[in-house]
Every structure is written in C-alpha cells, then in structure tokens.
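Trainee: Okay, here's what each chain looks like letter by letter:
2 protein chains.
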Amino acid sequence: MNIEMIRAAALRLQGHARVTPLLSSPFLDKIAGRRVLVKAECLQHTGSFKFRGGWSAVSMLSDEQLMNGVIAYSSGNHAQGVALAAKEHGAPAVIVMPSDAPKIKVNNTRALGAEVVLYDRANEDRDAIGQRIAKERNLTLIRPYDEPLVIAGQGTVGLEIAAQAAEAGVTEADVVVCCGGGGLTSGIALALVEDAPKMRVHPAEPAGFDDVTRSLAAGKILSNPSVSGSICDAIVTPQPGALTFPIMQAHCGAGVVVTDEDCLRAMGLAYERLKIVVEPGGAAALAAALFYPDQFEGDAIIAVTTGGNVDPATFIRALETL
Amino acid sequence: MNIEMIRAAALRLQGHARVTPLLSSPFLDKIAGRRVLVKAECLQHTGSFKFRGGWSAVSMLSDEQLMNGVIAYSSGNHAQGVALAAKEHGAPAVIVMPSDAPKIKVNNTRALGAEVVLYDRANEDRDAIGQRIAKERNLTLIRPYDEPLVIAGQGTVGLEIAAQAAEAGVTEADVVVCCGGGGLTSGIALALVEDAPKMRVHPAEPAGFDDVTRSLAAGKILSNPSVSGSICDAIVTPQPGALTFPIMQAHCGAGVVVTDEDCLRAMGLAYERLKIVVEPGGAAALAAALFYPDQFEGDAIIAVTTGGNVDPATFIRALETL
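Here the protein sequences line up with chains A and B, keeping their order.
Quick note: the first sequence uses the working numbering, first residue 6, plus one each step.
Quick note: the second sequence uses the working numbering, first residue 6, plus one each step.
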C-alpha cells in the first residue's frame, strides 16, 4: 500500500464519487473548545464512504470478472457501495448481510439490484460464507477493508481532507475517523502522511467494540469479546484487519472510545448544527471530537462522519437528546 | 439588477459562503421519472441560503455603517444569515422576528450575537417596525428580498447551479426554487439567463401562500389572503417584492403549488435518500419535483432545498411519512 495507489484510485473515482463538503458550525466549535471541521461522507453516494472503495475495486476488474459478478459481505454500507458500483459497471452483485442489519440497509442493497444473502451474525462466519459462494458461482470477492484497492479508494477521503482543510487555513489537526476494520482509517492515514504531514489520525470506536484502540495500545491484534450489541452497527467488526493494522500502527495516534449515547448526542448536534443525517457508527468520530476534548491536543479537529444510513426510529432517539 | 452584480457578489462571498453540493439519488430519479439534482443550500452557513444575501449586503457597508450596526426583519433564516454576516464584520445586529417563528431560529439568532425584537405577525407590520427602529438607532436596514445586494448574493446559487450541473452533464433543466418574496428565485433566474440559458426557473410555494404563482399568472402583484397558517414559515410572505416580481416575470416559468403534507414527505425522502435535513419551506421545490411531474416537461429537474432550520417535533412528522 502506498500513496500512489490512493492517487490512482482518485483518478478512477473522478466524476463518479462525490467530493463531499467539509462543514463547520460556530456552535460545535464552542462545545469542543476548538475548531471542528466535519468531513460529511454521509453525503457520499449510497450514504457512506464505502462507495469509494467499492468503485475503486470494481473499476479494476476485467470484462470477464465483471460479467461473472462480484460478492461482498457487509453490515450494510459496504453492501450498498459495492452494489451501486457493480450496477454502474453492469456487473451482477451478491451481498452477504447479517440478519440484524438495519432494514433500510438491506432494502437499499436489494433496490440497487443486488442479491442479498442473510446470515446469523452470532453463529456464522461471514468470511467463510462469502468465500464459499464466491467459489461456487465464480464471483470476485470484494472484502470490506482488507483489500488494497478498497483501502486505496477510502484513502481518497484523506486526499480531499488535506486539500479542503488547507483551503480553510488548517494544516495541523487531529483527524478522527469512525473505525471498524480500519480500511478508511488506514487509507486516510496513508494519504495524510504525504499530503498533510502535520495531521494525525485517531480511530474512534464504540465502547465494547474498541478492538483497534486496544490493539494499537497492545501492539498486537486483539479481538472484541462480542460480535453485536452496539447501535453502531457500521463499525462493529471482530478485529483490525491484517493489512490495515500495520498501517494504523505506523501512522495513527491513540484511539478514542465513545458510548452509544455519545453517538446519539453527536447525531442530534449534526442534525441541528450541520443539517446532515448521520448514523450511530458514523457519528463516533464527531462524538469523540465534541465530548472527549482531553484526548486531543491541537487547536483543530477534523471528524469524518462516515455514513448516514439510519432507521427513523433510531434517528428519533438522537433528536430526543436535543 | 444584472449579472455583473451577481458575479461581484460571488467574489465577495468567496471563502466566506460555502459552495454547497449538488446531490442526487437513483431512488429520487425513480420517483420523479426523470433525473433530479438537489442543490443543498440547507448546508450553507446558518442552515440556509440567506447567509449569501446577508454577507453580500453587509460586506458593502462603510466602516461607519458597520459601527452603527444593521437591522433586519425575518421569520428566521434571513435573521441568522444577517446575524452571522454582521458578527463576522464586527457589526451589531438587531433582528425583528415574528413571535411564532420556530424556537430554533430565534435561539440561533440570539446565539449569533444579535438582539432579537419579537412582533405579532397577525397585527403588526414588520416593515414599519424595522424602519422605525432603524431610524431611531441609526441602523442600516437589510431587507430580506427587495434589496439589489441581497438579490445579487442569492443569485450566486444560480452561478453554482450552472457550473455544477454542467459538470454533471446537465445543461437543460427546470430549476425549481422555494419562493417567499422572490429574492432567491429572481437572483437564480438572472444568473441562469447568462450562464445556463437552457434552464428555466419555476417558483414553488405552499398552498394558500401562492402569491408569486398567482401574480405571475395574473401579470400583476397579488397578495395572500392570510399571513400565517403553513408549516412552511420560511416562505410565507405577503406578496412578491416590487424589485423581484418584474425579474421573475421576465425570466421565470409558471409557479408550482404544493401542500404542507407534500413538503413533509419531501423532507422524509431528503433524509432517507440524500442524508440532508430540510425544513418544510425548504422542501417545497423538492416536493414539486417529486410529486408534480406533470408540471414539468424536460428530462432533468434541479430542486433547491433552501434551508434546514426545523424543530425536531416537525422533523419527526416528516420521518413518520416514510
């Protein structure tokens, strides 16, 4: 993995992925006690940054691979990103999703033309299911984070952050990223090493699913004790990726752990102050920026709101925190 | 009023107003039966396009005028736009607001450092109140729409639409704009005459407050029978402006009238499909684009979502339409 792969992905994504805005509000600055910039990836196609990685990978497939089709496993955002990227390339897609994924994510994935295969998150191994179906049906498996082309696609968020923050006069900052398997976090970290070397990436995770934070502290890959039980479904993953972890070790600062309640409050403030819809797992970084000021040292924080695919009932809980 | 005034305003706004994104979703295209692009001005500073007009006007004041301060009357969005523009220029601001304006708008205006004077929308004339206080305290009155510098500021939305739509491959379209007094509608229309001559602007209004639609049809300025009674508070105005109406007459197509319920449904779809927060009056144009397909002829519609300052209780009503 290197910056050239990210720049190549940016070229492939040009005109297809959206350059999402870097938002801000004086009200959020006041809460955080410093300047807060929000990279609104919830405004990306399919409502999350995952479209970038999906497009980055699918756009490199041969005509034969496209004709056979692709397969992905995902709690829902990678599902939609790969489904839309496949559809726009004319390729069939099979998506393996946990049976407890938010309904909106399952429905959208189907509506984007993909075939959805549900599995039991507690008792089945999605990686094994994905690999089995891929083999049986000759599909190309697009992993959600441990895949160089996917990491390169997500890393384009970092290129945009560097350019947009510089335009806003910010070249030194803590960059907080909602972190599941680490594809986005490691991609952004790699991009910033080159394009904004005074920025430092910190993963943000929900309490109980802080595998990356603990792994970084321990210097080795550790797993979470459970596989479900947070409203932050998008970033609940068993452990950091084999590819992503060494990148995060080399380039990231300490992780920040937030509660589900913090995420709901951050969602409410994003609604009120930025007019964006953020899902719980997509709000972890903003929650860290707003409610854990002691974990950061600099004058500016850039928080990536990674997704906005949230059921109305959960969004109402966020509104009730206001 | 001419395009040069809009281009000059764009220069003054550069680096201060946000270039808001042009969003889209295949799901919305499907509902409308054509391509739908959404200019998300709810993502502008203070949550509405009004910051543009406020900045455009305040940035032209002399040092003495800035020292004395400004005054504006507004249901809430112009209030916040002027308040922030004044604050960033170091000028005091007095804002005259109706006593039934959404709480969030009153609170935000105060939090942006402005002095808020409340009036009774049914029995008092805000123009008279504004002019009286302006005279007594030597403040510069910044009218919400019948003011060339304000129209020029709002017109910068049109310049951006022309450039962003062209980048997306769209040069012919119906451009639907939520319309109160007509400052934004006339500004966009003027900008497009020059920069996208194959686009045609249509004002969108709530039923019962369709003064612009009726005035355009009648060829003369007509008033609304009532002054309140729609959830679309941002675009409930007594009649088209004396300056804005002739511009709309010269350059706009027919208006489209939508119901409050249409606006709530459009807000729900903007939440679900675009991940943006839109207020009722800011959703009228999207409602027209999605639910009144027979009113448009072309293959593409560009809808401007003009604001996102909505109380949670009203937003929950929108979520309940999903």
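Honestly, the hints are just simulated from the structure, not real lab data.
In this text the structure is predicted, and so the values were computed from the model without any measurement.
Mixed in with the good hints there might be a few duds.
Treat identical chains as interchangeable: a pair holds within one or across any two.
Stated by the list, open to error - Derived DSS-like pairs: lysine-lysine, alpha-carbon spacing no greater than 25 Å straight-line:
1. LYS35 to LYS108
2. LYS225 to LYS108
3. LYS92 to LYS108
4. LYS108 to LYS203
5. LYS140 to LYS225
6. LYS35 to LYS92
7. LYS225 to LYS92
8. LYS35 to LYS140
9. LYS108 to LYS140
10. LYS203 to LYS140
11. LYS225 to LYS35
12. LYS203 to LYS92
13. LYS140 to LYS92
Trainee: Each hint should be assessed against the structure and marked as holding or not.
Mentor: The hints, checked one at a time:
1. For the homomeric pair LYS35 and LYS108, the shortest alpha-carbon distance between copies (20 Å) is at most 25 Å, but the shortest distance inside one copy (36 Å) is not.
2. When the C-alpha separation of LYS225 and LYS108 is checked against a cutoff of 25 Å, the pair qualifies neither within a copy, at 35 Å, nor between copies, at 51 Å.
3. For a Cα distance limit of 25 Å, the shortest separation of LYS92 from LYS108 inside one copy, 21 Å, qualifies, whereas the shortest one across copies, 44 Å, does not.
4. In this assembly of identical chains, the alpha carbons of LYS108 and LYS203 never lie at most 25 Å apart, being 41 Å within a copy and 41 Å across copies at closest.
5. Taking identical chains as interchangeable, the C-alpha atoms of LYS140 and LYS225 are never at most 25 Å apart, the minima being 31 Å within one chain and 71 Å between chains.
6. In this assembly of identical chains, the alpha carbons of LYS35 and LYS92 lie at most 25 Å apart only when taken from different copies (15 Å versus 43 Å within one copy).
7. In this assembly of identical chains, the alpha carbons of LYS225 and LYS92 never lie at most 25 Å apart, being 38 Å within a copy and 50 Å across copies at closest.
8. For a Cα distance limit of 25 Å, the shortest separation of LYS35 from LYS140 qualifies neither inside one copy, at 53 Å, nor across copies, at 35 Å.
9. Taking identical chains as interchangeable, the C-alpha atoms of LYS108 and LYS140 are never at most 25 Å apart, the minima being 28 Å within one chain and 58 Å between chains.
10. In this homomeric assembly, LYS203 and LYS140 never come within 25 Å of each other (Cα to Cα): the closest approach is 44 Å inside a single copy and 52 Å across copies.
11. For a Cα distance limit of 25 Å, the shortest separation of LYS225 from LYS35 qualifies neither inside one copy, at 37 Å, nor across copies, at 48 Å.
12. Taking CA atoms no more than 25 Å apart as the test, LYS203 paired with LYS92 passes in neither setting, with 39 Å inside one copy and 31 Å between copies.
13. Proximity of LYS140 to LYS92 under the C-alpha cut-off of 25 Å is restricted to the intra-copy arrangement: shortest distance 21 Å within a copy versus 63 Å between copies.
When held up to the earlier numbered hints, the structure conflicts with 2, 4, 5, 7, 8, 9, 10, 11, 12 and fits the remainder.
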